[in-house]
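Chemist: Each chain, written out:
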Amino acid sequence: MAMNRSAMKASHAAETVFRTDGVTKVYDTGEVQVHALAGVDLQLYAGELAVLLGPSGSGKSTLLNILGGLDHASSGKVWFRELELSSLNDRALTRYRRDHVGFVFQFYNLVPSLSAKENVALVTDIARDPMRPEEALELVGLAHRLDHFPAELSGGEQQRVAIARAIAKRPEILLCDEPTGALDSKTGIQVLEAINEINLRFGTTTAVITHNAAIRKMAHRVIRFQDGRISDVAINETRVPPSDIEW
Amino acid sequence: MRALDKKLLRDFARLWVQALSIALVLGSGVAILLISFGMYGALENTREAYYERNRFADVFAGVKRAPRSLERDIVAIDGVWAVELRTVAEAILDLPFRPEASVGRFVSIPAGDGARLNVPLLRSGQFPDPQSSNEVLVNEPFALANGFETGDTIRANLNGRRRELTITGTALSPEYIYTIGPGQLLPDNETFGILWMPQPAVEAAFDTVGAFNDVSLKLTRNAKPEEIIERLDDLLEPYGGLGAYERSEQLSHSFIEAELEQLRTMGYILPPIFFAIAAFLVNMVVGRIVALERSQIGLLKATGYSNMEVSLHYLYLAVLIAIVGVFLGWGFGAWAARGLAQIYAQFFTFPYLLYRIPVTAYATSGLLGIAAAAGGAILNAMKAAKLPPAIAMAPPAPPNFRRSALDGVLTTLRLSQPTMMVFRGIVRWPVRAFLTCLGLALAVAVLVASSFFGDSMDEIVDLAFYQSNRQHAVLAFSENAPETALEDVENLPGVLYAEGQLGLPARLVNGHLEKRIGIDARRPDADLSRALDDRGKVIVAPEEGIMLTERLASQLDVLPGDSVEVHFLTGLRETHDLTVTGTVVQFFGLGAYIDATFAARLLRQSPRISSANVLIDARAIDALHARAKETPSLSGLIMFSKMRNAFRDIISENILVTTTVYVVTAVLITAGVTYNGARIQLSERARELASLRILGFTNAEVSYILMGETMLLVLLAQPFGWALGAFLAWAMVTAFSSDLYSIPLVLNRDTFGFASVVALAAAIVSVLAVRRRIDTMNLVSVMKTRE
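Going line by line, the protein sequences match chains A and B.
Residue 563 in the working numbering sits at position 116 of the first sequence, with consecutive numbering throughout.
Residue 69 in the working numbering sits at position 29 of the second sequence, with consecutive numbering throughout.
Think of the hints as simulated: they come from the structure by calculation, not from any bench.
A couple of the hints might just be wrong.
Label-pair ranges, simulated between beta-carbon atoms [unchecked claim]:
1. A:Gln480 / B:Thr305: 55 to 65 Å
2. B:Lys423 / A:Gln480: 23 to 33 Å
3. A:Gly477 / B:Val467: 19 to 29 Å
4. B:Arg813 / A:Gly477: 29 to 39 Å
5. B:Gln302 / A:Gly477: 49 to 59 Å
6. A:Lys524 / B:Lys423: 22 to 32 Å
7. A:Gln480 / B:Thr738: 45 to 55 Å
8. A:Asp546 / B:Lys423: 20 to 30 Å
9. B:Pro398 / A:Asp546: 47 to 57 Å
Glycine is no exception: its CB is placed at the ideal position from the N, C-alpha and C atoms.
Given the sequences, and given the hints that come with them, work out the whole structure.
Modeler: See the structure below:
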């Protein structure tokens with residue numbers, strides 16, 4: 448599972464998927480201004496699995512939202528390959544999300560009135576070249592739970608449905624916001640395995656946000672956040688498979 | 041089917057009770073729209089076609105006796121397309137197996153080609169032989185009510201001779217869609233019939249050979265009726281013209297017109313209320329769903345659904361509710377329209393009916409219903425579209441409760457915390473609280489505006505039959521008679537007491553305002569038929585001057601003390617300026633009253649009477665009828681006692697139906713508003729209420745918080761509902777009043793009380809239905825649910 452450091456560097460040079468340049472985000476509540484991001488320069492490379500680590504309020508979710516086209520930066524620039532996200536309007540951002548991005552959320556965000564298969568179909572209905580919902584669910588080990596509703600699934604299963612939903616469109620990037628945050632460690636690890644599997648199998652550029660330091664062990668790179676800034680970027684010399692992680 | 045559409049259908053299925061409660065309110069609006077405009081269109085179209093095919097005349101005039109040679113001059117009037125000269129007169133009929141005297145209106149069928157205008161439509165049998173003197177065609181309702189068949193005979197007193205008449209067939213006429221006898225308030229097909237008879241026979245019977253007493257004109261397309269009426273009046277003047285009038289004053293026509301006007305008014309007033317309430321409920325429900333589904337909306341956007349797709353998703357939910365409502369409304373509307381058509385069939389006789397509601401009425405009512413629901417959802421659907429995807433992923437901030445001026449008041453009141461929560465809830469969402477209140481007030485208003493009719497009808501019956509018209513019957517004379525004729529009347533079997541009355545056709549003019557009217561001249565001591573003022577006091581026409589009914593006075597724009605020009609259309613046909621001395625309260629028709637002696641002086645004749653009001657000994661009533669049938673000088677015997685009962689029966693039947701409809705309607709509105717309100721309260725406060733339960737509050741205490749806000753709004757809504765209902769009742773009374781009848785606005789405490797009791801009961805039941813959910817609330821799972 449471990450990767451050669453020079454090989455990583457070579458691939459970095461080959462393809463940068465995301466590049467941010469002095470990105471800031473200020474929330475204006477009327478009374479106070481909160482600087483969620485205070486100038487972030489970051490690159491994410493094709494095929495890598497990056498873990499964005501930091502305490503709550505450090506700005507990592509804000510950055511993920513901006514990378515995923517859910518939110519606009521207050522200043523600075525953001526590129527997805529040649530596409531400057533920071534210059535896109537809402538309509539173009541919607542297009543971008545529809546075509547390129549898969550999201551996994553802490554609280555799964557499944558639609559309770561739709562079965563597992565239908566939750567995935569929600570995405571495949573509008574994607575350009577999706578896999579079949581059954582196929583996506585099989586990839587996360589849920590081929591036997593297709594017709595179950597969210598209420599009939601465990602937390603880990605629900606999160607795997609969410610992953611299936613995210614990858615069914617064959618996205619180039621997979622953005623995961625605290626994917627294990629609501630889960631116990633055993634099911635959390637199953638979820639991480641699913642994410643790792645997707646990254647390996649499809650080479651999907653993956654960013655995982657977490658405040659759980661143990662998860663950093665599975666990453667190619669670990670990017671630490673503190674007070675809206677990147678405090679440290681470390682390359683993992685030896686990656687550990689999720690099954691060997693404990694917390 | 042797309043996954044998003046499946047979500048839509050499942051959400052809809054989950055919300056079915058709320059959806060149904062809204063759909064029922066919306067459906068009521070659709071149904072009323074369908075009934076009112078559907079029936080309106082159907083009635084109007086049928087009427088138009090009937091008028092057209094049977095050449096219903098445009099202008100009508102009565103005259104005492106004019107020579108047929110006048111026809112040339114009438115035809116020569118510019119704008120006259122066709123003229124029909126007839127003899128129309130009433131006589132008492134003696135029907136086999138019926139002890140009461142009935143009244144027949146004989147209408148001549150012109151010689152030659154038959155009727156050119158107001159053409160009778162043969163329903164069975166055949167027209168009488170033009171040469172015969174004893175054959176008649178009778179109007180179908182009269183034949184049906186009396187069980188007549190072709191070949192049956194009836195007897196009539198014609199010009200002093202008892203004649204046996206053979207029925208050759210039945211017919212209908214556009215002139216008599218609504219058939220009401222002279223002096224009657226309601227159609228009575230048993231005792232009043234139209235008899236068409238060949239012209240020579242009628243002329244001989246009523247002594248109008250070579251003459252006529254009735255003119256009908258059909259005008260050319262661009263003719264000006266006012267000018268033609270003026271010319272016609274000039275021509276008829278020397279022969280005792282009674283004043284020509286347009287179709288709008290023709291009796292049958294104006295009754296249908298009044299009915300059409302009621303339908304139209306109903307269609308304009310009620311559906312907007314229902315649609316507004318349904319839109320408000322949709323707004324509330326969709327607003328709550330959008331709030332609850334923030335994270336799902338965020339997800340949809342994150343995965344690439346566009347703003348349009350997201351907002352349409354929530355709009356479709358409203359449309360689905362509307363579709364259910366529209367189908368319910370169509371179903372109920374079509375059923376009710378058929379019922380209404382049957383009621384109409386009792387009063388209006390069309391040869392072909394009618395209750396085919398045009399497709400356009402379905403389409404319009406359906407589209408308006410859907411538009412109302414979509415309109416209710418649009419703001420929240422747009423709110424869903426506007427939610428930024430990132431924010432949609434985060435839980436909503438707690439609602440912004442702040443201290444307000446009211447808090448000071450609440451604190452000084454030392455209210456319990458639960459009560460404080462109830463008040464703060466109202467203050468926090470004032471618009472929602474206001475709209476909820478308004479919706480509930482409308483339900484109360486609908487009840488007030490419908491149940492007051494009962495009291496109004498009681499007042500009408502009391503005033504018309506017990507205060508004003510206290511006679512048992514009216515005997516109408518063929519010709520005006522000297523007052524001494526009363527002695528003959530009193531000598532009739534069964535007559536205990538008689539008072540005379542003289543009807544004087546006249547035109548009342550004030551400046552450019554004018555009105556054709558029958559003036560009643562009475563003795564000041566008349567006790568059977570009396571005029572009352574607005575305080576219910578009997579008022580007597582003074583020795584000089586004239587009293588007018590309130591509506592007539594306002595139409596002529598005169599007040600007591602003003603003077604009005606009275607053009608008498610009888611006798612010497614003189615014009616006098618008379619002072620209006622008072623106004624009379626009267627619910628049926630327009631009227632004017634003068635003193636009998638004064639009338640005699642104005643007309644320069646000795647006092648005469650045209651009818652007698654009588655009290656009858658009930659035991660001798662058959663003998664009276666038998667005599668009336670043989671007395672040629674009588675043209676009618678109108679039984680007020682019978683009319684009184686018929687009126688009361690019809691009213692109580694109608695009131696029962698309308699009250700039921702309106703109570704159901706108000707219950708639907710109240711239940712729709714309170715049930716949805718409480719459901720949304722529960723949804724918003726589920727965590728809060730579960731927390732309180734965990735903290736040790738009892739079910740009852742928690743229910744109090746849940747129900748408190750809704751019930752408080754229900755109570756607040758009552759006075760608004762009363763005021764709104766009073767206004768609505770006033771608007772309906774104003775809209776329904778016509779020259780034919782008016783409805784008094786009688787609002788009793790009972791009416792308001794009834795409205796509030798019904799509304800409160802409906803509210804309590806609806807809120808209790810929601811309260812049950814508290815008992816079964818799983819505290820742990822509610823606490824876990826993430827909003």
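Chemist: So, for every hint listed, does it hold in this structure?
Modeler: Checked hints:
1. A:Gln480 / B:Thr305: 55 to 65 Å: 60 Å, holds
2. B:Lys423 / A:Gln480: 23 to 33 Å: 26 Å, holds
3. A:Gly477 / B:Val467: 19 to 29 Å: 21 Å, holds
4. B:Arg813 / A:Gly477: 29 to 39 Å: Once the Cβ atoms are compared, 38 Å apart, the range 29 to 39 Å for glycine 477 of chain A and arginine 813 of chain B holds.
5. B:Gln302 / A:Gly477: 49 to 59 Å: 57 Å, holds
6. A:Lys524 / B:Lys423: 22 to 32 Å: Since lysine 524 of chain A and lysine 423 of chain B have Cβ atoms about 31 Å apart, the given range 22 to 32 Å holds.
7. A:Gln480 / B:Thr738: 45 to 55 Å: About 46 Å separates the Cβ atoms of glutamine 480 of chain A and threonine 738 of chain B, which means 45 to 55 Å holds.
8. A:Asp546 / B:Lys423: 20 to 30 Å: Since the Cβ atoms of aspartate 546 of chain A and lysine 423 of chain B sit about 26 Å apart, the hinted range of 20 to 30 Å holds.
9. B:Pro398 / A:Asp546: 47 to 57 Å: Holds, since proline 398 of chain B and aspartate 546 of chain A (Cβ atoms, about 50 Å apart) stay within the stated range.
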